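Enquirer: Take a look at the letters that make up each chain.
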Amino acid sequence: MASPARLVMNGWYMGAWADEVGRKLMQRWIAGRPVCFYRLLDGTVNAIEDRCPHRRFPLSLGRLDGDVIECNYHGYRIDGTGGCVGVAEQSDRPKASVHRFPLVERDGVVWIWPGDPEQADESLLPDTSWLTSPGWTHVHGVVPLKARHLLLVENLLDLTHETFLHPGSIGNAAVAATPIDVTSEGHRVSFTRHMVGIEAPPFYEKSMGLTSPIDRWQDGDFYAPGIFQLNIRLAPTGTEEPEGFHMKVLYGLTPATETETHDFFALGRDYRIHDEELSKFQLDQQLAVMKEDVDALEIQEVMVATEPDGVRESSIRSDVAGIRGRRLLEKMAAKEAGAAAPARRTRPAATGAATGVAT
Amino acid sequence: MASPARLVMNGWYMGAWADEVGRKLMQRWIAGRPVCFYRLLDGTVNAIEDRCPHRRFPLSLGRLDGDVIECNYHGYRIDGTGGCVGVAEQSDRPKASVHRFPLVERDGVVWIWPGDPEQADESLLPDTSWLTSPGWTHVHGVVPLKARHLLLVENLLDLTHETFLHPGSIGNAAVAATPIDVTSEGHRVSFTRHMVGIEAPPFYEKSMGLTSPIDRWQDGDFYAPGIFQLNIRLAPTGTEEPEGFHMKVLYGLTPATETETHDFFALGRDYRIHDEELSKFQLDQQLAVMKEDVDALEIQEVMVATEPDGVRESSIRSDVAGIRGRRLLEKMAAKEAGAAAPARRTRPAATGAATGVAT
Amino acid sequence: MASPARLVMNGWYMGAWADEVGRKLMQRWIAGRPVCFYRLLDGTVNAIEDRCPHRRFPLSLGRLDGDVIECNYHGYRIDGTGGCVGVAEQSDRPKASVHRFPLVERDGVVWIWPGDPEQADESLLPDTSWLTSPGWTHVHGVVPLKARHLLLVENLLDLTHETFLHPGSIGNAAVAATPIDVTSEGHRVSFTRHMVGIEAPPFYEKSMGLTSPIDRWQDGDFYAPGIFQLNIRLAPTGTEEPEGFHMKVLYGLTPATETETHDFFALGRDYRIHDEELSKFQLDQQLAVMKEDVDALEIQEVMVATEPDGVRESSIRSDVAGIRGRRLLEKMAAKEAGAAAPARRTRPAATGAATGVAT
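Taken in order, these protein sequences are the chains called E, Z and D.
For the first sequence, this note's numbering gives the first residue as 142, with consecutive numbering after it.
For the second sequence, this note's numbering gives the first residue as 142, with consecutive numbering after it.
For the third sequence, this note's numbering gives the first residue as 142, with consecutive numbering after it.
Rather than coming from a laboratory, the hints here were simulated on the basis of the structure.
Predicted model, so just to flag it, every value in this text is computed and none were measured.
Any given hint might turn out to be false.
The list cannot tell twin chains apart, which means a pair is met if one copy fits it or any two copies do.
[As the list claims (entries may be wrong)] Dumping the calculated BS3-like pairs for lysine-lysine here, alpha-carbon to alpha-carbon at most 30 Å: (1) LYS287 to LYS165; (2) LYS432 to LYS165; (3) LYS472 to LYS236; (4) LYS476 to LYS421; (5) LYS165 to LYS347; (6) LYS432 to LYS389.
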């Protein structure tokens, strides 16, 4: 059975949509750790380890009293820094604390850094200003996925799957038929796919009123370990930028545990931005497309988890972005594992060897 | 992931309420072993390993023929001692047997000793004569719990949790606010908590008609590995024993498997003992309180089972009884594990180190 | 916990009934491997590993295009030999393939060889021509079983269990009371049980109109690892062959995984072969009997899987066939495991030692 690759802890993951977090305590598992999300009295988002330092009861089941959480099992009181400030009804003041996670709230997203706080670097976050830009609107949410993080990363870095998995909405033959250009730098892997003079897929036909032939661009950026943005342009064939319809999709690919993932999404557009019916249609479509992905990835997880050791993969040119993404994650995980155990982790057991592709 | 501590096998556990056991064979798992409970023709309770010596089919699915169980798979016939006395329809008389467990039936309780029968010592059982005393009445039952035994032991040895987990019934601020006195000797850990001039919690107000202020006593005795008795006194403030309302609670804390526990209980009182409506009210309340505990402990089990190695606990004065109880269990388990492996078992992985408390 | 014995891979297992396989792709797990069954354009049955060589998506969720399966994740195209013949919409022609399993379609059965194709030998298949013989008719199907393969093998090789588990249909005291003769050769273990002057069990009374006393024969042949045939004769006491009612049962005992088994069956007769009501009655009865077995075996699986190491079994004369069957499987598995690890595998952990029986 193929074990999942070690999770990358030092990186920004989407922890929540800002509108999910309030004065009601919320538990969410992030990269194998239980996290309690809430807002302090001044409105700041806060996230601490959701395990009482006393007897491990989830703090998220406790009571929020000002900025202090009172554990509902024996009354330990934990302030916003994660420090214990006393025990309800008792005079003890135990020296104890739980981890407080670095957070950034920006453009309606709460980013969380599950690893070493010293390394948390806000400048690693990509630009997501379109989420709050006046010329844009978007729908967003989060979908649970019972599959390992890497499978979702690879899904998004090889969009040829749209042709086969999403033929009724966003996919048609042109996607698989059009090669990508791939570049990478640092923790980023990018691809561009510019389809010219193609038929409009159903989803875009309906939501834009475009008639074929059209040009369709898919420019994707993966910021390892967990952020993916897709820039989409659709326009009558031959027209040039900035003409056309623009869409952006932000995915937060956040491991919950080694084999479960939160699939955060925001789908934005720069046209008919006040058309609520269109927003509702796009949300429904996006959720339908993601359900097709979730169904496929959960089956793929079973296939990967039950395979014997030593299964080798076949890869082709369209896998180049996915393979680079995987290698980035491997490199980051190996670095975190330290010099002690790098040799065995050059390739995650979950995904085997890629062959036949120069990357 | 924190593995459960090794179960203590040499000790009395509650196996069943006497009224559960009759001529109908009953399977119940005790300390990781399947046990078949039933009564012999003369009314004696009997318990043998519930696994046929032939092909492991549960004997409890067989047919009781006099004092002999006939296995329903291939007809092995097992008498009350656990010995095979033949095979139905066949002339073979195989030398085979299953374990017969030491039992004591007393005061309506069937006690079982899952470990070495040579060490079974009836004098280790605490006095439970109030269960059948003419001046007392009680309600009783058993509740399934998907959490390791130790978590239930610690729950009962630190009743400050009543303040937070059971505020609507038996808990109020006074419980957590009142320190305990702890004593221990041999396999027993005892605590007393005498609350004076406090407000009456809802449960007692209703069932006794008491008005505040009252005095409330909680005197608990844990007999390791699996028996807990609580003596409760409620009375108008300032009155002395024997004035007041007395209640007793017997808990049988019986591991089913390493991570599942039978939570046996009897709740008794020495007042309005013929009031069946009150008995029904007290049973409902007791089950409601236990449901709050079960919900909390099953969540705690998840938190403990998924935690990384090396999690340390914070402890305070109110944990003294719980910590002594845990150490007793550790010592007993280590002794059973023998001289071969004591060093690694000075502290169970499940619970980590207690700090900051002199016990 | 007792682990299952290693599965025997080099042998014929029933993969499907011929009428289950058509132009619709079908996934079935065989001996721990996912298999995609379908028919080629010329009607030939085909079975390939159900895991795309690209990213492990099940091919059975793909689209059948002539004799080529197109994977529904990224479009890999796999022909009937298991070889990749291209990728839809892309010009790549990756060198990749999946395993193609040796198959034999005969008498309405699709036999599959999950191990080394070089060793697949059609002559190892027993004669099943009665399935399509003009003087016979049969009902057939497959029942899922959550228990390890060996437990089902042993169930069928010791029919004394009919007396206890199936008293309302095919079992009565005579079965357990009548000893068997056992012979074996190569990969076959056979037993005969000839009951003379016995009462007719309910199932046969109803379906044949026989009145007691009758003679009843049960002659069973186990072809390791996974085929069992039972020849049944019922006739008024004292009459000789070929007089009487004849029935045959074919069981395909096919491991799905280490702890799950496909229980294929065909129940045939040589009388009233055009009586469809009788066929329906016999199918219902057969399924009812198999449900009794499945319920028992699934409980037995729990007992075996949770038992401590070192449990020893008691065995009697009626176990001789079962023990020989088990030893055959052990020997075959040990041979496959190779010279490297035979010493540890002389006896599967799942079943322990048999004692007290000369076999």
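Enquirer: With identical chains, the pair LYS432 and LYS165 could be close in the same copy or across copies; at 30 Å between alpha carbons, which is it: within, between, both, or neither?
Expert: both (29 Å within a copy, 24 Å between copies)
Enquirer: When Cα atoms must be at most 30 Å apart, do LYS476 and LYS421 count as within-copy, between-copy, both, or neither?
Expert: neither (43 Å within a copy, 63 Å between copies)
Enquirer: Tell me, please, which holds for LYS165 and LYS347 at an alpha-carbon limit of 30 Å: within, between, both or neither?
Expert: neither (39 Å within a copy, 33 Å between copies)
Enquirer: Between the shortest in-copy and the shortest cross-copy C-alpha distance, which are at most 30 Å for LYS287 and LYS165: within, between, both, or neither?
Expert: both (26 Å within a copy, 27 Å between copies)
Enquirer: Cα distance capped at 30 Å. Does LYS432 pair with LYS389 within a copy, between copies, both, or neither?
Expert: For LYS432 and LYS389, only the intra-copy Cα distance (19 Å) is at most 30 Å; the inter-copy one is 48 Å.
Enquirer: Indicate which option fits the pair LYS472, LYS236 if close means a Cα-Cα distance not exceeding 30 Å: within, between, both or neither.
Expert: For LYS472 and LYS236, the Cα distance is within 30 Å only across copies (28 Å; inside one copy 37 Å).
The structure fails to meet hints 4 and 5 from the earlier list, while all remaining hints are met.
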